[in-house]
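Each residue of the sequence shown is one higher than the one before, starting from 0 at the first, in this note's numbering.
It should be emphasised that the hints constitute simulated quantities derived from the structure, not laboratory data. Any given hint could turn out to be false.
[To be verified] Label pairs and their computed distance ranges (CB to CB):
{"no.": "1", "residue 1": "Tyr15", "residue 2": "Ser62", "range": "25 to 33 Å"}
{"no.": "2", "residue 1": "Leu22", "residue 2": "Gly43", "range": "16 to 24 Å"}
{"no.": "3", "residue 1": "Glu17", "residue 2": "Ser62", "range": "28 to 36 Å"}
{"no.": "4", "residue 1": "Arg41", "residue 2": "Ser62", "range": "15 to 23 Å"}
{"no.": "5", "residue 1": "Glu37", "residue 2": "Ser62", "range": "29 to 37 Å"}
{"no.": "6", "residue 1": "Ser16", "residue 2": "Gly47", "range": "17 to 25 Å"}
{"no.": "7", "residue 1": "Lys61", "residue 2": "Glu17", "range": "25 to 33 Å"}
{"no.": "8", "residue 1": "Leu21", "residue 2": "Ser62", "range": "15 to 23 Å"}
{"no.": "9", "residue 1": "Phe50", "residue 2": "Leu24", "range": "14 to 22 Å"}
{"no.": "10", "residue 1": "Ser57", "residue 2": "Val36", "range": "15 to 23 Å"}
[What the hints assert, rightly or not] Straight-line C-alpha distance at most 20 Å; calculated DMTMM-like pairs for lysine to aspartate or glutamate:
{"no.": "11", "residue 1": "Lys18", "residue 2": "Glu42"}
{"no.": "12", "residue 1": "Lys61", "residue 2": "Glu10"}
{"no.": "13", "residue 1": "Lys61", "residue 2": "Glu33"}
{"no.": "14", "residue 1": "Lys18", "residue 2": "Asp38"}
{"no.": "15", "residue 1": "Lys18", "residue 2": "Glu37"}
{"no.": "16", "residue 1": "Lys18", "residue 2": "Glu33"}
Backbone N, C-alpha and C fix where the C-beta goes; we use that ideal spot for every residue, glycine too.
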Amino acid sequence: MLPGAVGAAQEVVVFYSEKHELLILPNGAMFISESLVEDVLREGGLEGLAFLLLHELSHLVKSHLRFNLIESNKFGDLKR
Numbered sequence: 000m001l002p003g004a005v006g007a008a009q010e011v012v013v014f015y016s017e018k019h020e021l022l023i024l025p026n027g028a029m030f031i032s033e034s035l036v037e038d039v040l041r042e043g044g045l046e047g048l049a050f051l052l053l054h055e056l057s058h059l060v061k062s063h064l065r066f067n068l069i070e071s072n073k074f075g076d077l078k079r
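Generate the whole structure from the sequences, applying the supplied hints.
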């Protein structure tokens, strides 16, 4: 766990997938595919990876995730 303020990533998990995947959960856990990390580092270096992770973190800070989950649940898109 990473210590931090509200809205900070609490855990970063790198997992194997040939697809590029990146998501952050409302609890702050972030999941990123190994292939995405490799390609971003190759093309954009550490600056590119930092931008990508901070962009995803900004969704959490702005509460977009919570809003999207609430809206999806309201319309029955999520199983209850």
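inquiry  = Within 28 to 36 Å: is that where the Cβ-Cβ distance between glutamate 17 and serine 62 falls?
reply    = 32 Å Cβ-Cβ, so the 28 to 36 Å window holds.
inquiry  = Need the status of pair lysine 61, glutamate 10: alpha-carbon distance at most 20 Å?
reply    = 18 Å, holds
request  = Return holds or violated for the Cβ distance of phenylalanine 50 and leucine 24 against the range 14 to 22 Å.
outcome  = The hinted range 14 to 22 Å holds for phenylalanine 50 and leucine 24, with Cβ atoms some 20 Å apart.
inquiry  = Taking 16 to 24 Å as the stated bounds, is the beta-carbon spacing between leucine 22 and glycine 43 within them?
reply    = 19 Å, holds
ask   = Is 15 to 23 Å a correct range for the gap between the Cβ atoms of serine 57 and valine 36?
value = 19 Å, holds
ask   = Holds or violated: are the alpha carbons of lysine 61 and glutamate 33 at most 20 Å from each other?
value = 26 Å, violated
ask   = That 25 to 33 Å hint for tyrosine 15 and serine 62 (C-beta), does it hold up?
value = 30 Å, holds
ask   = For the pair supplied as a hint, lysine 18 and glutamate 33, is the alpha-carbon distance within the 20 Å limit?
value = This hinted pair holds, its Cα atoms lying about 9 Å apart.
query = Range hint 15 to 23 Å: satisfied by the CB atoms of arginine 41 and serine 62?
reply = Hint violated: Cβ distance 33 Å, outside 15 to 23 Å.
Hint consistency between lysine 18 and glutamate 37 [alpha-carbon to alpha-carbon, up to 20 Å] = 12 Å, holds
task = Return holds or violated for the Cβ distance of glutamate 37 and serine 62 against the range 29 to 37 Å.
result = Hint holds: Cβ distance 31 Å, inside 29 to 37 Å.
ask   = Okay, serine 16 versus glycine 47 on CB: inside 17 to 25 Å?
value = 19 Å, holds
The structure fails to meet hints 4 and 13 from the earlier list, while all remaining hints are met.
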